[in-house]
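Participant: If you want the building blocks of each chain, they are given just below.
2 protein chains.
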Amino acid sequence: MERIAGGVTAAKGFTAAAVAAGIKYRDRKDMAMIYSQSPCRAAGVFTRNVVKAAPVLWDKEIVGKMGPVHAVVVNAGIANACTGKEGYEACGRTAGAAAKALGIGERQVLVCSTGVIGMQLPIDRMADGAQKLAGLLEGGNEAGHRAAEAIMTTDTRPKEAAVQTVIGGKTVTVGGMCKGSGMIHPDMCTMLAFVTTDAAIDTALLQEALSRDVEDTFNMVSVDGDTSTNDTLLVLANGCAGNPPIREKNEDYRAFAAALHEVCTVLAKKIAEDGEGATALFEAKVVGADTKEHARTLAKSVITSSLTKAAIFGHDANWGRILCALGYAGVDFDPEKIELYLESEAGRILIYRDGKAADYSEEEAAKILSYPEVTAYVDMKMGGEEATAWGCDLTYDYVKINADYRS
Amino acid sequence: MERIAGGVTAAKGFTAAAVAAGIKYRDRKDMAMIYSQSPCRAAGVFTRNVVKAAPVLWDKEIVGKMGPVHAVVVNAGIANACTGKEGYEACGRTAGAAAKALGIGERQVLVCSTGVIGMQLPIDRMADGAQKLAGLLEGGNEAGHRAAEAIMTTDTRPKEAAVQTVIGGKTVTVGGMCKGSGMIHPDMCTMLAFVTTDAAIDTALLQEALSRDVEDTFNMVSVDGDTSTNDTLLVLANGCAGNPPIREKNEDYRAFAAALHEVCTVLAKKIAEDGEGATALFEAKVVGADTKEHARTLAKSVITSSLTKAAIFGHDANWGRILCALGYAGVDFDPEKIELYLESEAGRILIYRDGKAADYSEEEAAKILSYPEVTAYVDMKMGGEEATAWGCDLTYDYVKINADYRS
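Keeping their order, the protein sequence lines are chains G and B.
Heads up, the first sequence is in my numbering, so the first residue is 3 and it goes up one at a time.
Heads up, the second sequence is in my numbering, so the first residue is 3 and it goes up one at a time.
Hints are supplied without guarantee of correctness; some may be wrong.
If chains are identical, the list can't say which one is meant, so a pair holds when it fits in one copy or spans any two.
Said to hold, decoys possible - Below, in silico cross-link-like pairs of lysine-lysine (BS3-like), each with a Cα-Cα straight-line distance of 27 angstroms or less: (1) 251 <-> 294; (2) 172 <-> 339; (3) 67 <-> 383; (4) 102 <-> 67; (5) 87 <-> 383; (6) 383 <-> 31; (7) 271 <-> 402; (8) 358 <-> 87.
The hints are simulated quantities; they were obtained by calculation from the structure and are not laboratory data.
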């Protein structure tokens, strides 16, 4: 497997477009489309929030029926959540406008929205935008990159990743883009993520690969503990690579799952490091846990702790807060047995062992924490399971961004 | 029942003292003692964090054995958590020094600590401080107030409450003090709280009254989602009021429980409104829930949401975040049916109904949110259960305080 440049248009047969549709922003592109002329198998993972945005309901239905999908239309600025019947109708209008322009069925178009909750979409502009996008579709990395920019909200940079691998003698590409910066919490982030691949694979296996992978990638990210109403992760597979279709869990399936995992991991980390107001990516790696689920729970508890996140911002090795966050995670362990290390490019030091502080230098710890990627490494000494979670520091800018996001 | 002035020394037979022991702070009183010459029945509720501070272990053992208690010694600055065997020995040394000076048994002295995790207590200063405190004990509100000041850490003001009621023809007083500002989360806050009463009551009933009450008071408070290693709530009852001892769940018990509830409610709210960096008390009241537990869970989810807290700071009626927080609480409900109101001294407005925004004025909403006590009132329309939770807004100062708390 090899990392390559590009995003949603990296895989064969996918084109993309972006347009300034004036949905809410006035000075930027705010709608994007992904399209494949060959019909795609689609899989998806959606928010578990009881309050689901209209596009989540629209997409869940289409993905659940396993029918072929050709296009995804995305807008930024307004989330189309808590918008009642009118909101759901807006999904139909948008998909319908895109379908008409593309010459496909309305239920072959997925729609996603991100932005403020509770506002209605300007439906005429959405339909106009969808129609325009259909005429602007292009292949190549530039087009994918413009789409990745158009779906941003409080994101400070577009997020893309792509890999290539060989399956059944054919080069298979998996690429993706995502957005997400605030209202980010495991299960899943507030994020929209789109992965495209030219692999030929069964719909059920595609869904299974995605559902499993998300547990170790997007569901291990938290910026602020808030699980959004709109979280959506979609994968479209159009089969253009020409590999023998993957119909069972053989070597080909594992190669595909590994490529998917790489793309999802890179995208998930990009969301964490671009968390609202963040100055650092904060990673928690828990090893030696008795079960995988406990490892995940402990790692997520550490990166979710507001106090720990604030200490990371202050480059303060206030490890008591990490111990505290492990302690309230709901997992039983012996605090006397575990070991805690802090790591970054600057080095790695033992911070806590035998139930108390290790003999470390505060200066060295502060130096380690001053780097843009910082890891808390915890050995539970209970077994062989491990998990990694990604978050970011808690900063003044997080408060600034969120105290008046709507204005 | 009547609210009266005072705190831990309001009830008959209780004295208190404060001293500058130089535990960590250099310029203020940082140790306090509560004392009753008459032996007290004691009840307690302690942190459920797996990582428990040494004094929590010390106190749990004493409260569990139901033996008589005479005194509590508290220090601020160092939490004596994650301090191993040495930390536990420090509890014994402190209690021993107090016991010797007071002429009581070492196991009749409870100890509590609050402050930085991981540092060892300066044990000689703790013992000196405990001895000095024994010589400074005084009755009256002033002494109680000084004790409430001495136990503060990042608190900006001392927190006290007291009430009087009549039980069996006798005036019974319940008073208390607490501290807590950061690392505050349901189950329980990071807080120390001490309630004293001259009521005569069985130890088991005292514990039951406390354990029940905490579910609706201290466990409904959150500042930052972090459940501390040191949380302790102690009640001492010395029987000096001369009421017929409460031995069953009769009218007298209910009168006592009501007085205890009032003191705990006032103290819990004081913690929320003095949350680190807070400019407003943020209350979530959930009514019409199908079960009490669901009502509590939903209310806590709202006041815990970082995004909602930041919006409250910005006086921004970003109600979608409240809906979102209800939605991810883990309770099933129909978003189309619920109603949301915002309230403060400035008034009350309907914000959301029938699955979408009500027709309200943003200016009026902003005005309501500009008051120092703000309530989100949610009617679930599912049943007759309700619960209230208290938190605060998320501000620049929260980040400032916690980015470098140890320096």
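Participant: When Cα atoms must be at most 27 angstroms apart, do residue 67 and residue 383 count as within-copy, between-copy, both, or neither?
Facilitator: neither (45 angstroms within a copy, 33 angstroms between copies)
Participant: Measure nothing new, just compare the shortest in-copy and cross-copy C-alpha distances for residue 271 and residue 402 to 27 angstroms and report within, between, both or neither.
Facilitator: Both: 23 angstroms inside a copy, 26 angstroms across copies.
Participant: First find the shortest C-alpha distance between residue 358 and residue 87 inside one copy, then the shortest across copies, and answer within, between, both or neither for a cut-off of 27 angstroms.
Facilitator: Classified as between; 9 angstroms across copies, 57 angstroms inside a copy.
Participant: My question is about residue 251 and residue 294: at a cut-off of 27 angstroms on alpha-carbon distance, are they close within one copy, between copies, both, or neither?
Facilitator: Within. Shortest intra-copy distance 22 angstroms satisfies the 27 angstroms Cα cut-off; inter-copy 46 angstroms does not.
Participant: Using 27 angstroms as the alpha-carbon threshold, which applies to residue 102 and residue 67: within, between, both, or neither?
Facilitator: within (21 angstroms within a copy, 77 angstroms between copies)
Participant: Between copies, within a copy, both or neither: which fits residue 383 and residue 31 at Cα up to 27 angstroms?
Facilitator: Close neither inside one copy (50 angstroms) nor across copies (41 angstroms); limit 27 angstroms.
Participant: My question is about residue 87 and residue 383: at a cut-off of 27 angstroms on alpha-carbon distance, are they close within one copy, between copies, both, or neither?
Facilitator: between (53 angstroms within a copy, 20 angstroms between copies)
Participant: At most 27 angstroms between CA atoms: does that hold for residue 172 and residue 339 within a copy, between copies, both, or neither?
Facilitator: neither (49 angstroms within a copy, 53 angstroms between copies)
Violated hints, in rising order: 2, 3, 6; the structure is consistent with all others.
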